[in-house]
Structures are given as C-alpha cells and as structure tokens.
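Asks: Sequence:
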Amino acid sequence: MAGSTDCEVLVVGAGPVGLLTTLLLAREGVDVTLIESLPDVDESPRAMTYGPAAVIELERAGVAAEARAVGMEKSDYDFRLRWITIDNRLIAEFQPEDRIPGSFDTVICGQYQLAKILKSHVEKCQGAKMLFDHKLAEIKETSESIIATVETPGGKKEISAKYLAACDGGRSTVRKLLDLTYDGFTLPQWLVACNVRYPFKDHGFARSQFVVHPDHFCLIAKIDPTGLWRVSYAEKDELTREEVLANVHDKFEALFPGPKPLKKDSYQIEMVSPYRIHQRSAPSYRKGRSLLAGDAAHACAPFGGMGLTTGICDAAGLADSLVGVLRRGCDDSLLTKYADVRREKYHDVTHKVSYNNTCLLRDTDPEKASEVEFFKTLNSSPEARRKMLMNAYTLGHDFKQYWSTTGQTPSKGSSKTPNVDAKPIPPVATTTLGI
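The numbering of the sequence shown is this note's numbering, which starts it at 1 and goes up by one.
Treat the hints as calculated values from the structure; they're not laboratory data. The model shown is predicted, which means the values in this text are computed figures rather than measured ones. One thing to keep in mind: the hints can contain errors.
The calculated EDC-like cross-link candidates involving lysine to aspartate or glutamate, where the alpha carbons are at most 16 Å apart (straight line), are [stated by the list, open to error]: (1) 156 x 179; (2) 260 x 87; (3) 140 x 179; (4) 263 x 253; (5) 352 x 183; (6) 251 x 6; (7) 119 x 6; (8) 287 x 179; (9) 119 x 179; (10) 387 x 373; (11) 387 x 97; (12) 116 x 105; (13) 140 x 6; (14) 236 x 215; (15) 201 x 87; (16) 129 x 40; (17) 74 x 105; (18) 287 x 250; (19) 156 x 6; (20) 201 x 73; (21) 236 x 224.
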C-alpha cells in the first residue's frame, strides 16, 4: 500500500451533500477526510433549487448569500412560481405576496456551483482534508473502525475512520459494497436537463414555471444573473441517448415561445445532460459504521426540487448526529435514529411529493387543469397557498435536540420501515413543492 490516513469520519463523494457534511463536521472540530473519484467537483447540470428546509441549513452553514449571488439577481428574490400551458397560458401560480412572513429568501444556484462554494469553505477548515482522484475500491469493518481501500494516481492506500458517510450519489459505490439494494422503480421517460440562453423573459416568463403537457411537461427556470436558463423536459422512453441528444432542437421548437419555426441561432446551448428518473431508496440508511445520505440513500424525480433539498437536510442531520456521538457523549444509537428518521422523511414526503409533482405535470389535461383539486387550491386564496408552502418545511429534522440524551437511546420520532417498492401512487391534491 502507498500509505494510510486516519480520521474520525471518512466522507465519500464531493457533491453538495458530501461537502456540506464535511463542512459542518469540521466546524465542530471533527477530524474529517473527504474522498472523490473525480479530479474536481462534477459540473454536470443537475439540481438548482432548494426548498425552505434546505435554505435553513445553507443559512446555518453560511453559504446561502454566496449561492444567491452566483445564481440570482435581486429581483429573483421575490418568490413566483407558475404552472402554464405549452403556449404560456397561466393555470395557477404562487405570487410574491404568498411568502411566509419571516422566511429566508429562496436560493437558486446550480448544484455544481454550490459544490464549489462549499469546497472553498471546507478548504479554510482545520481538520478537514479533501482528496480528489481518490476512488473507493473496497471497505471492511472492525469492532472499532472502518477501513477503506482507495485507488489513487499514486497507487492504492488505506484510510481508516470511526465512521463512513456515503454521499457518493445514485450509483453509490459504498451502497453496492455494503450489499444494500436500491428498491423502487424507474419512470418511463428520459429527463433532459439543458442549460440554455434564450430571451424567455421577453416573452413574459417568470423566474420559474412548470409546463403542463402529456408529452412536453417540463421546468423552465432562470438559473443565474447572466440570462442562463434551465430547461428540463421529458423525452420518450424508447429513444436511445444519441436520439435524445439529436432531438433537442425539435423539443425546443415545441417548448420555446416566440416566432416559429425556431431558428437554431436564436438560442445558445451550454450544457445538455440526459438521465433516467428514479424513485428509489435503500432499505436502511445505516449498516454498521457506514451511513448513507443524499442520492446514495434515495432518488426521486426532479420536479419540485425535492431531491437535493432532501439531500441537504440529510447532510445536516448526519453531521449533527455524528457530532453528537463523537463530541457530545451521545450513544451510538443516535446514528440509527438518523437513519430511521431520514428514511421516514423520504418515504412520507420526498417520494410521494416528487412522484405526484411529475404525475401532475404529465397526466393533467391542460385544458381541464382548473378542475384539478391542486390547482383549485392554488387559485383559491393567499392563505391556502401559504399553507401549502408551509408543508415544505417538514423535510427538516433537528438532531441536536438529542444531544442532551447522553448515553441513552433517542426516543423521539418514528422508526418505521417504509416501503417504497409499492405500486406507484396517483396524483394527489396536497403536493408540496420545493422550488
């Protein structure tokens, strides 16, 4: 072996979830090492919106203002979210006056941009180490530690830690090495995330809108102050990846406002990333000294910002739980409580809401949308809309409350084992939206 590095917590994965976990641990004096197989943070276009529960954690970490500066103009702070037909007729919307009094400003920032911000903060922390080009190969556990074998440009080495935090995404190597299944289902569409420049604002588009359509349901949202927009749309399941990429202009022709036919020189594509949409979860978010967070633990459809919002809440909860055990004298069972509570949050909130959001966009007849209970509620009153927005806070959970239960098994909260391998649920009226 080329050498070894010992730490209290080994974090696998340098996305926002892994980096936030690392940052919060390091600030509490925990000796933490993060490893990432890539040479730097992944810049693929993925999530960009953060629900209220995640914004609370970003504020706590001291990175929310930087994220807003990267992803938003001051005028974007006024919350407005629309549901429209494909020809930009309004179905329903949240308006600035629906904002919950005392709430933080929303945050819009590309996932990779947030990762870079978090990375810059981790670099300033004593006791935190980041190792890129370090690919996890195997893990083994003893009575007192977990030992990871890592492939590096200089050869293999071992890193031992008291605990391992798996934040390495939907294709998690840790989850596979732990022999944990990823139960659930894959939706019968591609999802294509595009970063594109086009004058949507000139055509009356707000900062964020969902298009309700059986074939062209999508999200169109502004993602930075320079006029870059995210267009995330569904494509036919039977297409190959190459066919999906070849069909981008035709989809833009259907989705974009303005003169038709759409000229190719009227827009500029910066990134295109097709991927599959999953509703999946590991059967447990803890196995021995390893704990799962973010997409390593669960996956969901992207409409509504539920995936990364849940991951950010996972990161904060995992960090607080590890601090409780390593620094506050809490019993190791607090980590089991983390695993149970966060899996329950996925089952009861993230899974249901994200799937329902997708069904709402895909299965609603745009011409009859006003008859759907969800849109009826949205259009009824500011009070009804605020009540719907309040539901978005339920994704969070305060694990610091257990720090006082030193040496005891935490008792607050349910530890039921949810089943996400059930028959897909139909659209419901009480949809929580994370954007």
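Asks: It remains to establish, for every hint, whether it holds in the given structure.
Replies: So, going through the hints one by one against the coordinates:
no.	hint	verdict
1	156 x 179	violated (22 Å)
2	260 x 87	holds (12 Å)
3	140 x 179	holds (12 Å)
4	263 x 253	holds (9 Å)
5	352 x 183	holds (15 Å)
6	251 x 6	violated (51 Å)
7	119 x 6	violated (21 Å)
8	287 x 179	holds (10 Å)
9	119 x 179	violated (30 Å)
10	387 x 373	holds (15 Å)
11	387 x 97	holds (13 Å)
12	116 x 105	violated (21 Å)
13	140 x 6	holds (14 Å)
14	236 x 215	holds (8 Å)
15	201 x 87	holds (14 Å)
16	129 x 40	holds (14 Å)
17	74 x 105	holds (10 Å)
18	287 x 250	violated (47 Å)
19	156 x 6	holds (15 Å)
20	201 x 73	holds (13 Å)
21	236 x 224	violated (29 Å)
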